[in-house]
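K.L.:
Each chain is listed here by its residues.
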Amino acid sequence: MKLFLGFVKKEFYHILRDRRSLFILFGMPIIQILLFGFAITNEINNVNIAIFDHSKDITTHKIIDKISASSYFSLNKLIENEDDIESVFKKGKVKAVLIFERNFNKKLLTNEQPKVQIITDATDPNTANTIYNYINAIIQSYLHEINKDVPVVYQITPQPRMIYNPELKSVFMFVPGVMTVILMLVSAMMTSISITREKELGTMEVLLVSPLKPIQVISGKVIPYVFLSVINAIVIILLSIFIFKMPVQGSLILLGFESVLFIVTALALGILISTISATQQTAMMISLMGLMLPVIILSGFIFPIDSMPLPLQIISNIIPAKWFIIILKAIMLKGVGIIYIWKETLILLGMTLFFVALSTKKYKIRLE
Amino acid sequence: MENVIEVNNLTKTFGAFTAVDAISFQVKKGEIFGFLGANGAGKTTAIKMLIGITTPTSGDATIAGFNVYTQTESIKRNIGYMSQKFALYDDLTVKENITFFGGIYGLNRNTIKTKTRELIDELKLEQVTNQLVGSLPLGWKQKISFSVALLHRPKIVFLDEPTGGVDPITRRQFWEMIYKAANQGTTIFVTTHYMDEAEYCDRVCIMVDGQIEALDAPKNLKKTFEVDSMNEVFLKLARR
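In order, the protein sequences belong to chains Y and W. Per this note's numbering, the first sequence runs over residues 1 to 368. Per this note's numbering, the second sequence runs over residues 1 to 240.
Hint data in this document are derived by calculation from the structure and do not stem from the laboratory. Just so you know, even glycine gets a beta-carbon here, dropped at the ideal spot from N, CA and C. It cannot be assumed that every hint is accurate.
To be verified - Label-pair ranges, simulated between beta-carbon atoms:
id: 1; chain 1: W; residue 1: L138; chain 2: Y; residue 2: F242; range: 34 to 42 Å
id: 2; chain 1: W; residue 1: G165; chain 2: Y; residue 2: I338; range: 57 to 65 Å
id: 3; chain 1: W; residue 1: G65; chain 2: Y; residue 2: M292; range: 29 to 37 Å
id: 4; chain 1: Y; residue 1: K361; chain 2: W; residue 2: G165; range: 19 to 27 Å
id: 5; chain 1: Y; residue 1: L34; chain 2: W; residue 2: S135; range: 30 to 38 Å
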C-alpha cells in the first residue's frame, strides 16, 4: 500500500509539473463547457432580413412592423427591384427576404388569399428552417388577430408543451455531451499518453524489472487519473448548474456512480491504446481519431442518432459514450432513478468489463 | 567462488528466427562479466531472459539461485538493472527519483533517507538534490541511475550499454564506480560497444549471430587470437 502511494505521488508530480497536461486536465473542461454553453446555440436572434413590398398597404405594413418589432429579426433593407434580391443574398447582408405580392390588402379582404414569399439563405439549413418557422408563426399570429371577431367554425389549436427543457436551452443538450467528451479525453488520452511516455523514456522497462507486479504499475498510473476525472466531472456539473442553470433533477449519488463507471470504461480504453502504441504521438493520434471522433459524432452528442442512416445507428450502439449520454440526460433532466436506466447502465457495465478484461489480457507482462 | 549466474543451452526463438542459440556460461560472485556483440547479435534478448522479462524457449538458467521460468519475482528482488537510456524521471528531482525507486524495491522510509544521504555525499550532489533530473548533464544522470540500481543492495547488477553517449572521462569515472561495487561483492553483468571497456572486464563473452563465439579473460583472448587489443579480437570474430 505504501509502495502504491509512492507511485501515485510520483504520478501527481508528473501531472502537476507538466503545463500541457495541466491545461488539458483543467483548462479544457472549463473552456469547452463555456464554448458549448455560450457559442453553440440553435436559437436565432437579430437576424437581418430584407423586404420587397409590392403593395405597400396597411396590411403589409402591419405585418412588417410585427416582424421587425420581434427580437428575432431586424429589418435591414427595403428592396425596390427584383435584381436587388439576389445581390443582398450574395453580399451576405441578409438571411431572408420577404416578398409581398401586389394588392395584398385588397386580395385579403376579398378572400383571394394573398401570397407572401419567404426566401431564406439555406447555406445553413438549420437556421434557414428556423427563420422560416419564426416568420410563419408571426404571420399566423397576425391572422389570428384580424380574425378575432370573425367566428371561425372549425379550428384546431395545437398546444405545445416542451417538457424536461421548457426553455429549449441548447446548453442542456450540450452539458451531458461535453462532460462525456472531457471524461473520455482525460481518462483515455491522458492515461495512454502517460503510459507510453514511460515506454519511450525507458522507465517502463525499469519498472517491469522491479519487483512491482504489472498490475501494480498500471493501477498506479491509472488511479491519479480516476481522481482527476472525478474532480473534472464535479467541476463541469458545478459550472453548468451555476452558470447555465442546468438542473440536476435526479440523484447525485446515482450520477456519481454512473460517472465513475464511465471513467473506468475510458481508462480501460486508455490502457488498451497504450498497449498497441509505442510512442506518445501514436497514442495521442489513436485517442483523438479512434475515440474522440466517434464520441463527438456518433454518440448523439451533437447529431441526433434517430436521424442517422441505419448502418450508423447500428454502429452507434457499440460506442460507450452513447449510453453514458442517455444516462446523463435521464438523470439530470428527467430526474429518473435506476429503474429507468438499468438497461443502459448494464450495457455500459458490460462494455467496461469487456474492455478491462481485454486490456489486462493485451497488456504485455513481458516486454517484447 | 560460487556461481551467481548459471546458463545452460538457453535459447529464444521468434517464429523461425533464432535470436539466442543455446548459449551456456557461468558468472562468479563479484565478477565483472562483459557481454559483447554487434547490434542484432542477440545480446538484448539474452539479457531480457536473464532478468525475467522474457520467457526462454528452451534451456535453463538460474540467477542468484532462482529459476528464470518459475521464480522471476525472486529474481527481480535480487537484481538491479540499468538501461541504456539511464531511465530516470526527468520531471522529478534527484531526491524524488531516489525516493521513488527505493520505494518500488520496498525499502522503508528510514533506509531510503540514509541511502539518499550516503548517495548524495558519495556522488557530491548536495547542490542539485532538489533540481529536476532533466536539467543535469548526461554523465550525472548515468551515475545517479547506476546508484539507484544499487539502492536495494542487489546480488547482481545488469548494465545494458551503460556508457552510451558519455565522454571518455566520465566513462572512466563510471568504471571506477563499477569496480567499487564489484569489490563490495556485487556481480556486474555489463554489455558494451566500447572495446576499451571490454579490457576492464574480468571475463568477456562475445556473441555472434545468437551464439557465443568466445568466452575468456581479455588477456587470454588476445593471446588466443594473437592480437594486441580487444578491438582486433572482436573484428576477427565478426569477420569470420
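K.L.:
For every hint, state whether the structure bears it out.
P.N.:
For each hint, the structure was consulted:
1. Checked against the hint of 34 to 42 Å, the C-beta distance between W/L138 and Y/F242 comes to roughly 51 Å, which is inconsistent with it.
2. At about 59 Å, the beta-carbon gap between W/G165 and Y/I338 stays in the expected band of 57 to 65 Å.
3. Hint check: W/G65 to Y/M292, Cβ distance near 51 Å, so the stated range 29 to 37 Å is violated.
4. Taking the beta carbon of each, Y/K361 and W/G165 are about 37 Å apart, not inside 19 to 27 Å as hinted.
5. At roughly 37 Å, the beta-carbon separation of Y/L34 and W/S135 lies within the given 30 to 38 Å, and the hint holds.
Going through the hint list in order, the structure does not satisfy hints 1, 3, 4.
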